[in-house]
Each structure stands twice: as structure tokens, then as C-alpha cells.
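So you can see what is in the structure, the chains are spelled out below.
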Amino acid sequence: MTATSAPRPPALEISGLQKSFGKAQIIRGVDLSIGAGERHAIIGPNGAGKSTLFNLITGRFPPSAGAVRLHGQEINGRAPFQINRMGLSRSFQITNIFPRMTVFENVRCSLLWSQGYRYSFWNMVNRSRDLTAGADEILEQINLTARRDLPAGVLSYAEQRALEIGITIAGGANVIMLDEPTAGMSHSETDYIVDLIRKVTENKTLIMVEHDMGVVFGLADRISVLVYGEIIATGHPEEVRSNPKVQEAYLGAALEAEH
Amino acid sequence: MTTQSLTRPPLVTLSGALPWVIATLFLLAMPQIFTSNSALTIMNQMAITIVFALAYNMLLGQGGMLSFGHAVYMGMGGFMCVHVMNYVEDYSLPIPLPVLPVFGGLFGMGVALIVGSFSTRKAGTVFAMISLGVGELIAACSVIVVAFFGGEEGVSGDRTYGLPVFGTEFLHQIEIYYLTVFWLVLSALLMYLFSRTPIGRMANAVRDNPERAEFLGYSARWVRFYSFVASGFFAGIAGGLFAINYEILTEENLNLATSGSILLVTFLGGVGFFFGPIIGAIVFTLLQTVLSLQTEIWQLYLGILFLATVMYFPGGLAGVLMMHALPIRLGKAGLLVVPYLRTLLPAALCILGLAGALEILFHIRHAALGDSEMTLFWVTFDSHAPLPLIAAIVAVAVGFWLARRSAPELAEAWHKANTPDGGAA
Ligand SMILES: Nc1ncnc2c1ncn2[C@@H]1O[C@H](COP(=O)(O)OP(=O)(O)OP(=O)(O)O)[C@@H](O)[C@H]1O
Ligand SMILES: [Mg+2]
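As you go down the protein sequences, you meet chains A and B in turn. Position 169 of the first sequence, counted from 1, bears residue number 169 in this note's numbering, the numbering being contiguous throughout. Position 246 of the second sequence, counted from 1, bears residue number 505 in this note's numbering, the numbering being contiguous throughout.
The set of hints was computed from the structure by calculation and includes no laboratory data. Among the clues, some could well be false.
[Stated by the list, open to error] What follows is a list of derived Cβ distance ranges for each label pair:
| id | chain 1 | residue 1 | chain 2 | residue 2 | range |
| --- | --- | --- | --- | --- | --- |
| 1 | A | P9 | B | S274 | 46 to 56 Å |
| 2 | A | S20 | B | R455 | 40 to 50 Å |
| 3 | A | F121 | B | Y599 | 40 to 50 Å |
[Said to hold, decoys possible] Covered stretches of chain B (in silico footprint by chain A; criterion: 3 or more residues with CB under 8 Å from a CB of chain A, positions within the stretch not fixed):
| id | stretch |
| --- | --- |
| 4 | 448 to 455 |
| 5 | 458 to 465 |
| 6 | 468 to 478 |
Computed from a prediction, not measured in an experiment: that's the story for all the values here. Here a beta-carbon is modelled for each residue, glycine too, at the ideal position from N, C-alpha and C.
Construct all of the structure, not just a fragment, from the sequences and the given hints.
Structure (C-alpha cells):
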């Protein structure tokens, strides 16, 4: 993308990140650097702090200490909408959609800012061909075209999960963070969504929390293992798989659970 | 935004414009049907309430903000307009009467800018409480800042002192009616269009889920703020129309009672549809004007109607109407006619009986001593005699029993009418 030969800063750079809720320290000093274009998975046992880490990166919570840089720019303390405008988009582990709006409108809303409409009160949304076509294209990709005009709140759980991903990718952010995108999906739905994720994150940075090891090893360029608020290993899938610490703390159990 | 291809949808479509054209023609024709001055007064009142209720619903229905103090913006707009009216008179300013509501709108918007800057930070209870506090504050100011609010007697003006427009001096009620209708249609159209803009759509999104909206690049606070300011503008327009119609504004126009009644109007009509508040305003104004001439306890009926709406039809009257969209689309609305008649006629009997009993009791308690003659449903009788009360109670019981007996049939017909042929949807 960039024509200069200067080394690109990492898409995301986390240093010394900490977060406490009251006395409980949940994130206990995380350092992580994720290169532009990388697909990075974060794995770890329940309650390790994976979602909390996402919340810190995306501005949902302020960190207690440490720094987060997006494309080299420090983003600590910025509001989620400011971080989103810098090209970072996320999905939620617990479905987080606009239940009373139609499926189509859910997706269209996620296109508005990125297509430059901002707080405009002089454009009619239904007159923009780009918005309509863009939203319909996303619906096609997430297989929800048949549900287009239903209120999102009436969709089935799996459909809402697909919509959750659709809303996240619609704006064309170049850093995409997905929190357990396939949770609760059937095998075939998972396969489909993984293909979709692979396709839409082409040339983008993906950071993904996932419990399904098949998905993780199939998709990730690198993996970080978060245990009890600390990253105990980061590396290529094979390195992580054979790391004895990881085996002990998490993977052994997780891989067994797979079968 | 960059590529505007040939396939861009047209600004005006037939199906989109039709309701507006019909509504406008209807409004223009109304004075031919209802010619009396009192009818015109009622219709003007209705139009003003519609504008105000639509403005209020920009907050409540579109933006998910529950305000207990929205009369402030209508009232401030109205006061401003009376003052402008008086300036026009005193200094012979070249401001024709028809543009006066613009001043109301701008002033309402100005006040909303100030209040919104801190009240829209949060939605929910915080917003509601701030609106209540500001409402109370401004109402209290109205007896302190006499120069603007005129103290207890308010401020009054004379609309006929401005420049004649096309030879019209606005001496006649009918001229005021057309002026009001012009502003009604224009404001309603603009508010409708606002709901189709990016900010209008995001108002819905923030209403549904403010947190997610923030992760899509929108500050929920700014989205609320813009809606609030726009709503203040249109409330101010309504205030301007009020000023033109009544030529006087008092504390009553911005106190909490007025704020409460616009909430009632809007909710009664239905917050979920754009046209809901319109229905609410029409029904409310009819109750307020026509029913209040018939009975002193009209507010009791209004209260019951409101309670019933909140408890059984939270979508309001518009919601009840729109519930029938699916049966109509399926071509099965006909199935409902007979069950409706069988249930609703007895229900009406029950309600009328109840109203009769209430009226009789009210008459017994409140009529002057020795005056026991009352007229109800075109029958004159002795309110202290047992027979009328017994008749009313029998009507309640019979109506209730009959309605209940046919309710299952209605429920079944309703289910059938909502099920497409060939299995469930
Ligand atoms: N807002 C909060 N206030 C207090 N404690 C919190 C908060 N959010 C998370 N926690 C705690 O932080 C810990 C980590 O939670 P988190 O949701 O980040 O785990 P996770 O790794 O995403 O787990 P899972 O795999 O179950 O999703 C948990 O013990 C949780 O109770
Ligand atoms: Mg989690």
C-alpha cells in the first residue's frame, strides 16, 4: 500500500498494559506487537482476560497503566469512536447489535462514518447508491440477504453472530478485532465464517480471540497465549503448539477438549 | 458520496409522496367541511400539537430520550415570537407574520443548544432528570424574569399589526388556519426527512445501542445532541404557531404539566412510527376540546386511555393500526371483521356503561344541592334514582360478559389472519 521504503510501524503495539478492577488485577503487564497485515490469534483459558484486553485496546475501558499504539499513534484514553475512526473495528463476544432496526439498517449504519457521511443532516441515506449496494453486498457475504428487512432482534443466535461480524467488517477498517466470532456456531457455519473472515481480512490486520483450535491454527499467522492476565508465549502456530509452558497451561487441555 | 451513478434513486417517488399529497389536500379541504370558527380553532390547536408532538418524538421515539421538560423549547419559542410581534408593531419592522415561527424555531434551538450541551451526555435516567430540573428551573424563572416572561399574566401581542401579506392582515381565523397548515406540512416533512438522514438513522442506532454506535465511529453524545437541537427547533416552531394563534403566552406554556401532556400525547399515538404522534395529537385534541364540553371528568377518561395504552398497547394507537399491516398484506383482514364486531361492540357497551356509572356518581357528588336532573346520552333522568345506575351497571356486566365470550374467537381469527397460507412463516 505504502510506496515508501521506510519500515511500516506495527499495526498495533501494546506495551506494559495493565488493568485492575478494584483490587483484582486482570491484565498484568502485556507487551505485544502485531504487524500490519498479520492474522493474530489470542488464545487462553476462560477468564484469562482476553476480552478485557480487547476492551482496553478499543477504548471501552481505560487501562490502569501501559500504552497502546495504533499505526504508531498512541491511543490510550481515546474514546471508542475516535479509535474506530482511525481504522480499527471490533466485534463482541456477547452479541451487540441494534435489535429494533432491520438487518439491512444495522449494516448500513456501520457504513455511514467510513463513507464520510459523519453527522450529515442534508443527505438522504436511501438515495446513496454506495450505501445501499455496500450494505447489500455485506448481507450477501454473511448470508443474511433473506433476512434483510427483519428487525435484527428477531434473528436466531447464529444469524445474530453473523450480523455481528457483518457490522464489524462493513466499515472497511484495516485492523479488525473479533472476539470469539464462531462461538455457538455449527461446524458448517464455522467453516463458512472462517472463509469469510479470511477473505475480508485479506491485506488487513486481524486480531482474533477464539476457542476453536481448528479455526485458530487454520487462520492465524501468529498466536499469543494469554493466561491469568499475562502473555506466556507468542509465536508461529507450530512454535506455540510445541511450547511446553503452553502445553501445560492451556493447549493440552484445549486440544483434548477438541476431541 | 463520490460516485453518483445514474441509478441513484429519485428524490421524490410516487409512493413516497402520495401520503404527503393526500394529507395536504385533506388539510386544505378541512375548512370546507368544518366551517365554524370553533372548528377552525380546534384544527389549529391540533396542528400545533402535531408539530410539537412530532418534535418531541424526535427525542422519545427516534432518539430514545425521555424528556419531562420539553415544553420549555416550545414555550421559549412562543415567548420569543410574541416579543418579535411586539417589536414589529413598535418599530414597524418589515417582518411579515408568516415567517414569525422561524424566530420561534431559532430561539427554541438556541435554548436547546445550551441545555443539550450538558443534558445529552447521557441518555436514560440522567437525561430525564436533567430535563425535569431544567423544566422546573425555567418555569420558576418565568415569574422572576418578568421582562421576558411577563410574570403571572404572561406576554401578549397582536398579530394584525405586521405587514399585510398579499393583502392579508390575518384578521380571520381561516387565514391563520392556512398559515398554520403551511408550517405544519413543512415542519412534518422536514422532520420526516431528518429521520432519513445519516444523523437521523444514527439517532435510532444510539437509541437501540449507544455503545455499539460508538464502535462504529459515532459519538453517542453528539448524535443525541444533534437530535436534541433539531427537536428544540421544531418545538420552537410549534411555539411560534401557538403565539400566532393565541397572541398570548404564559407560564402555563412551559411548565411541567404541559411537558407531561406532550409525553402523554406522543405515547398515546405511538412512538415507534413517524405518524404515531400525529394520531396522538388528533385524538388528544379531540378529547381535550370536544369531550371536555360533554363531561367534566374528561381527564379521567384520558388517564384511563393512557394507562390502557401503556399496559396493553405500548406501541400506541399507531402500533395498533400497524399490527394490521400483515393481515392486510396477506389479504386476510376480512377474517377479522366479524370477530371484531362481536368483541368490540359489547366492549363498547361495557365502556359506555362504565362511563355512564361514573357520570352518574359524579353528578350525585358534585351537582348543586337539589339539582338531581342530568342528561346523559341524550336522555334526561333523575341521577338520584336507582334505575339509571342499575342500567349502567347491567350494561357493564353484559358488555363485559359478551366481549369475553367472543374474545377466544377473535384471538383465533387474529392468529389465522397473521399466518400465511401453507404453514407458519
Ligand atoms: N467490568 C469488569 N469489572 C470487574 N471485573 C471484570 C470486568 N470485566 C471482566 N472482569 C473480570 O476479568 C476477568 C477476565 O474476564 P475476560 O472477560 O476478559 O475473560 P476472557 O479471557 O475473555 O474469558 P472468556 O474466554 O470466558 O471470554 C474475569 O475474572 C472477569 O470477571
Ligand atoms: Mg471473553
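Against the structure, the hints:
no.	hint	in the structure
1	A:P9 / B:S274: 46 to 56 Å	holds (52 Å)
2	A:S20 / B:R455: 40 to 50 Å	holds (45 Å)
3	A:F121 / B:Y599: 40 to 50 Å	holds (42 Å)
4	448 to 455	holds (count 3)
5	458 to 465	holds (count 6)
6	468 to 478	holds (count 10)
No hint from the list above goes unmet by this structure.
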